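Join the two chains into one complex using the hints; note that each chain is given alone, in its own frame.
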Amino acid sequence: MNPSTCYLKLTSAVRSTLSTRAGRRCWVVALYAFLLGGVTGLAVEFWFHGSPLWLFPGAVAMSLALVLWFLLACRAVPTIQSNMFEKSDNPLIDERQKGVRDRAYRQAYHVVSVLAFLSLLAGFRILVVMDHFRELMTPRHFLALSFLYATGVMVLMPSLPSACLAWIEPDDVEPSNSRPEAARVPAR
Amino acid sequence: MADRVNASGKLHNRIAVLRAERGLSREALADALGVSYQTIGYMERGDYNPSLELAFRVAEYFGLPIEAIFARAPLRPMSEQLYGERR
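In order, the protein sequences belong to chains A and B. Residue numbering for the first sequence follows our numbering, starting at 1 and increasing by one per position. Residue numbering for the second sequence follows our numbering, starting at 1 and increasing by one per position.
Excised from the complex, chain B in its bound form (with noise of 0.2 Å):
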């Protein structure tokens, strides 16, 4: 038998990496998205799970997949996911 899903509930994301890279403020993505900075900063702090849409208006964004932004268990840092599997 498969195991069982973790039910914690919690998404892990990358926003807030995301948008430091690209220089942008919370309001300025909030804009972007079209939610309030609030709701930004509640999912970069993991207050806040997105619904199914904003994820994926939020993957479409930076133009990633959404895999790459959200995730069940907590997220590696980019470099390490990307060189790290190199070695």
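Bound-form chain A, shown alone (with noise of 0.2 Å):
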């Protein structure tokens, strides 16, 4: 089975809300409430030694979050996947497609960039708010925090140009709707 039938199967209860711009945005949101849910709990779960209370929903939360971020990504695999890193022009995609491709890798960028920057203050603020406690960083907790960290950063940098390109693409269209009727033919 090809992947785009494969994906066809997988996805036609949900791709009526894939093929517009308004439901794909919710499910990025969702994406990435649930990948924020999931990783907040599981490091949750590392900062206060093993709370189980925090385990299970932090999985839950990631797994739904992967298997959102799947979906889209299968979406944007003609576009998305053509090339990260090429430099010349793919002849399977068109000047759109590629246009929309690199606008995406843009916003991907500048909305890593932006959380980077947050992520270091609020690194920061946790140190300061840890001093003011008298608390010494353990290795628990710089586990904790490292794990956030790193799997912000492993799903974000791959997942945020597909979540680009399905927030900015507009509705999608009929492959061969719109095709007018033969003329008829007089009675006589």
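By construction, these hints were calculated from the structure, which means they are not laboratory data. Remember, predicted model here, so these are calculated numbers, not experimental data. Just so you know, even glycine gets a beta-carbon here, dropped at the ideal spot from N, CA and C. Incorrect hints may have been included.
Restraint-style ranges between C-beta atoms, simulated for each label pair [stated by the list, open to error]: (1) P170(A) - D31(B): 18 to 28 Å; (2) R45(B) - R103(A): 17 to 27 Å; (3) G46(B) - P139(A): 23 to 33 Å.
Computed, partial: chain A to chain B, Cβ under 7 Å [stated by the list, open to error]: (4) G58; (5) D94; (6) R96; (7) D102; (8) P170; (9) V173; (10) S176.
A few chain B positions that, by computed beta-carbon distances, are all more than 12 Å from chain A [claimed, not checked]: (11) E27; (12) I40; (13) G41; (14) A59; (15) F62; (16) L64; (17) A73; (18) M78; (19) Q81; (20) G84.
Okay, structure coming up:
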């Protein structure tokens, strides 16, 4: 079974929501909400020394985020997958798709830059707060923060271009509608 | 001083009308022009302004001058443009 057939079967139930911009935006918001919830849940689990309270919801949220990411990424495959690092022209995608791909990468870069800056500020803030409460950064705390950052970077870097593409592309059009009927032959 | 050019950036076109006249599906036109059918649909809807090169390819495909297909101002119906001026 080729990948596109497999994707069509997998997404048959949700394709109508993926074909509109509003639907795709809802998916992107859900993806990052689940991702944030999942990563935070797992990091808190590390932070508080193996509290199972956070582990299960965190793992479920992460899994849901990965499923949503897979669906969005598959939809973007023809455009995004096309030569992330390739400079030459790819004949498989047209000028509009190249333009929208470049725009998606630019937007993803901006989002990552802002998030990296904010996460640095948040990291310093955590250190300041810990210092205020005379608490030492233990290896467990360090592990929790590292997990949070590493997972964030690992998931954001590859998922953001697909998400940006899903966010900016207009509603889909049908491939073969608007075909006019053949001219009718007069009765006599 | 000349009037300022409309800077909205939106291009109007007659692709949908020309395609319907010739009984072409979006997919067939897209194949002929070497683009995706989504690109044809977005051009028809005004969501995408084609490059000059693609605009010329469209014009060549339909055998019309480029200004008959693309314009910066909303296009009048072709029949009105052809016959309205003769009155």
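Non-interface claim for Q81(B) versus chain A (Cβ beyond 12 Å): Correct as stated: the minimum Cβ-Cβ distance to chain A is 21 Å, above 12 Å.
Checking the smallest CB distance to chain A, is G84(B) really beyond 12 Å? Consistent with the label, G84(B) stays out of reach of chain A, its closest Cβ about 24 Å off (over 12 Å).
Check on A73(B) being off the interface with chain A, judged by Cβ distance over 12 Å: Check passes; 23 Å lies beyond 12 Å.
Could you check that no beta carbon of chain A comes within 12 Å of the beta carbon of L64(B)? Given a closest Cβ separation of 19 Å, the condition holds.
Status of the stated non-contact between I40(B) and chain A (beta carbon gap over 12 Å): 8 Å, violated
Taking the closest pair, is the beta carbon of F62(B) still more than 12 Å from chain A? Label holds. Min Cβ-Cβ 16 Å, cutoff 12 Å.
Beyond 12 Å from chain A, beta-carbon-wise, is G41(B)? G41(B) is in fact no farther than 12 Å from some Cβ atom of chain A, at 3 Å.
For E27(B), which was marked as not at the interface, is the minimum beta-carbon distance to chain A over 12 Å? 4 Å, violated
Hint check: 7 Å Cβ-Cβ cutoff, P170(A) to chain B: 4 Å, holds
Status of the G58(A) interface restraint (C-beta, 7 Å, chain B): This interface hint is violated because 38 Å lies over the 7 Å limit.
Measuring from the C-beta of D102(A) to each C-beta in chain B, is the shortest one below 7 Å? 14 Å, violated
Grab the minimum beta-carbon distance between M78(B) and chain A and tell me whether it stays above 12 Å. 15 Å, holds
Comparing the model with each numbered hint stated earlier shows that hints 3, 4, 7, 11, 12 and 13 do not hold.
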